[in-house]
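Q: So the chains spell out like this:
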Amino acid sequence: MKAIYAFGLLILLAFLGSRLIVRRKTLSPLHFIFLSGLLYIFLGLYLGKHGLNILSPQVLDALTPLISLGLGWIGFLFGFQFEAKYLRRFSKKSFALSLLQSTFVFFLVFAVLFIVVRKLYPGQPHHLLYGMALSFGLLATVNSPTLLNAASFALPSRGEYSYLARFLTSVSGFWGIMGLAVLFSFWHFPFFDSQIILVGSVLLLVSTVVPIMLGYLFYLSTKKKTPEQDVLVYLLGFVFFVSGAAFYFNMSPLYVSMVMGITFSNLTRIHEKLYPLLLAAEKPLYIVFLILIGALWEFKFDLTIALLILAFLGSRALGYVSPLTSFRFLLRFPFPLPLLFGFSFLSFGGIGVAFAVSLKLTYQTDLMEIFLSIALISIIVSDFFSPWLLKVSLVKLESEERS
Amino acid sequence: MITLVVIFLLMLLLKTSAFFPFANPEKGTSFALGFILIFAFLFGKRINRIKLPQITGFILAGILCGPFILKFLSADQVSDLQLFDGLALSLIALTAGGEMAFGRLKAQIRSISALVIFQTLIIIPGFLVFGFLGRKFFPFFSDLTIVQTAAVSLLLGTLATATSPATTIAIITETKSKGKYTDLVLSVAVVKDFIVIVLFALFISLSKPVFSPDQGFDARFFFQILREVGGSVLLGIVVGGGIILYLRYIRREMTVFVLSVAFFTYQISHSYGYHPLLICLVAGFIVENFSPHGDRFIQAIGKTSLPVYVVFFAISGASLDLDALRSSWVLALICVFWRTVLKFFGTYAGASLAKEERGVRLYSWAGFISQAGVSLGLAILVEKTFPEWQGVFLSLVLAIIAINQIIGPVLLQKLLIRVQEVGKKQLSLY
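Residue numbers (my numbering), protein chains in the order written: chain A, 1021 to 1423; chain B, 96 to 525.
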């Protein structure tokens, strides 16, 4: 009976989605939550052990490969967009700005969160608190272009600011995922006591070389004329394999599949054939992924968590907004970067969820359970308010630019 | 070929003890599934070059990498992957149901009924004869009384009647076959599944007092299985109706919807003991025949069919119990041979009565050899009902299924090529 009820719920959600996700002239927070798919996290939460228990821990265990595939898919898609000929269109200054922004946000959030978690969890071992703060720092660097794409109709001129914002939100995840790879290699779970530099370097090397090799094999397999169904199996197979291997060795599935995506994207000539396939499979996989994440989520909320959410979102917003003027002078950027511009970067999107989940699944400690709760709540809150923040930042800046 | 070899070597390397300290064996299922997906697919493509069906390659790859040979997939991992197996089976059954257009069935109703009836009427008594003859040669039969031998033979014969609709639809999809033989083989396989389950319910109820004389005729099993079959059909109608409504009013996210149908069907059947295969067959049939959306629905499933087949048949291969095959291969081989002979005569007699052409009479038996899920599920039920048989019956049936599942797809493919119903492009490959 519960299963039938849950099925009905899923259909209802799809029905509401089909009515709400139509092109509108305004982008409301609720509309964006539907559009970004984050609502499916709540559905998963309801289907999980704290709700209907249809996605019970046993079922979730059996479905773990789908979570691994979801992470791999997001990483692969992310890497696939890094095609050299496309990236050459952007100036070096834009890349430098992206790196500076991510580095600054990472260090600021890491420092603030380390101080806060040390105060809030005094009994926990130091290395675990470091790990948690590092995780927050890395998560903070991620943002997504989904909101900008969804709100493109609301941007008056699509001028320099929106062009730059789209670039920065698309690229920022790269630095975060690189950081994730370093963290997973040198802070490998189960933790090693000795030869950490050697072990970490070897793991980092393996997690870079193997996906490059697999990306090349993927290219070789699809180099000749290949039917679409075969390409889909290769795609699923390679992404599954590489993310599964990363999962098995406690490496970052996002990183390895991103590297494979970059390798493949720069070798293949079947982008036009692959994009429809990727897009057709993306949404279903993403929705299933979010439902599973919701079911996996041990929802926790208390004063400590509320404080951590505030510290995380506050320091992150500060990290994106405060240094923009200094960056402009440092890089001699051709146009002003007002503080308001920083509010365009606060939406996390699906990659934020993937980021948080990959950290939680690798470092299976109680603190990481709390981390996941904070991360997911922060992502939902942030994405809920980001359409409004976009309105007061980018839309306003573009209006001024046009006038 | 390079990709196949490199992937294989990479897996060998990553599974060596040098990497053990860094690995987390609890998370090995995704890795194993990823490997088997790509390896089985590539292996299937190689097998295809020697003019055998791809799914034979998927099954062989599963056997090779499974818990009995290379152990890339452990027994626990294979068991963890049963959910994917169930999902894949539901999707395959939806496709099979969706292929059963009433208009085409009506034209062949006489042949379908004749083939189903005669196969059943010849194979079950044929196995009764086999059981009595086997009493002299095989210890399993010689330890039984005459009535017990009859009971075991009836169960074995019922299982031998079954043909796997999943394998049939997979071969039809792979070869892009269309035509009279294709429709006939698929329809007979599907209808027989219903008959086999009902007959099985009857025979298992009759067998119970034979082995436990203190018990009378146990109608409980019979009614329980009838309830399961009836419930599955009803549920299939409800699911089919739900799919039609969705296709009419929502239409969005078809892939998520189809996956959800498969998942919830699997969950419901798991919880209440219904048959996911029957539910999905009926649901697919309802959508195809009672709405104008059948084609769109089949298209939505078709988009994911190849990965689904790879996963399903590779896991099926990995699940085949080679220990069982090793322990009872002689008897199993004889059973397979005898079953094939009986299938030939059953098909010939049925086709003759239906006044079918010579080709159907002589060759269509080759389409009914494959065996998989339903036979396996029923054999496990026998084992649970008669624990005193200590796994001997199950081992024998597992061994028979293993052999039939390897030769069945090849024979069906050869049949479809011979009668020239495979797609033009595929015909040039073979």
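Note that these hints are calculated values from the structure, not bench results. Treat the hints with care, as some may be off.
[Unchecked claim] Ranges of calculated distance between the beta carbons of each label pair, as one might list FRET restraints:
#, chain 1, residue 1, chain 2, residue 2, range
1, B, Val425, A, Leu1287, 33 to 39 Å
2, A, Ser1111, B, Leu107, 44 to 50 Å
3, A, Ile1216, B, Gly472, 49 to 55 Å
4, A, Ala1116, B, Gln394, 30 to 36 Å
5, A, Ile1290, B, Val101, 16 to 22 Å
6, A, Ser1221, B, Leu417, 38 to 44 Å
7, A, Trp1408, B, Arg144, 55 to 61 Å
8, A, His1070, B, Gly472, 29 to 35 Å
9, B, Gly336, A, Pro1049, 33 to 39 Å
10, B, Ala196, A, Pro1210, 55 to 61 Å
11, B, Lys479, A, Pro1077, 24 to 30 Å
12, A, Pro1296, B, Val101, 26 to 32 Å
Everything numeric in this text was worked out from a predicted model, so none of it was measured. Using N, Cα and C, we set each Cβ at its ideal position, and we do this for glycine too.
Q: Hint by hint, note whether the structure agrees.
A: Cross-check of the supplied hints:
1. Val425/B x Leu1287/A: 33 to 39 Å: For Val425/B and Leu1287/A the Cβ distance comes to about 53 Å; the hint is violated.
2. Ser1111/A x Leu107/B: 44 to 50 Å: holds (46 Å)
3. Ile1216/A x Gly472/B: 49 to 55 Å: holds (51 Å)
4. Ala1116/A x Gln394/B: 30 to 36 Å: violated (48 Å)
5. Ile1290/A x Val101/B: 16 to 22 Å: At roughly 21 Å between Cβ atoms, Val101/B and Ile1290/A fall inside 16 to 22 Å, so the hint holds.
6. Ser1221/A x Leu417/B: 38 to 44 Å: Holds: the Cβ-Cβ distance is about 42 Å, inside 38 to 44 Å.
7. Trp1408/A x Arg144/B: 55 to 61 Å: Once the Cβ atoms are compared, 59 Å apart, the range 55 to 61 Å for Arg144/B and Trp1408/A holds.
8. His1070/A x Gly472/B: 29 to 35 Å: holds (33 Å)
9. Gly336/B x Pro1049/A: 33 to 39 Å: Between Gly336/B and Pro1049/A, where Cβ atoms are some 36 Å apart, the hint holds.
10. Ala196/B x Pro1210/A: 55 to 61 Å: holds (57 Å)
11. Lys479/B x Pro1077/A: 24 to 30 Å: holds (26 Å)
12. Pro1296/A x Val101/B: 26 to 32 Å: holds (28 Å)
Hint compliance for this structure: hints 1, 4 are broken, all remaining hints hold.
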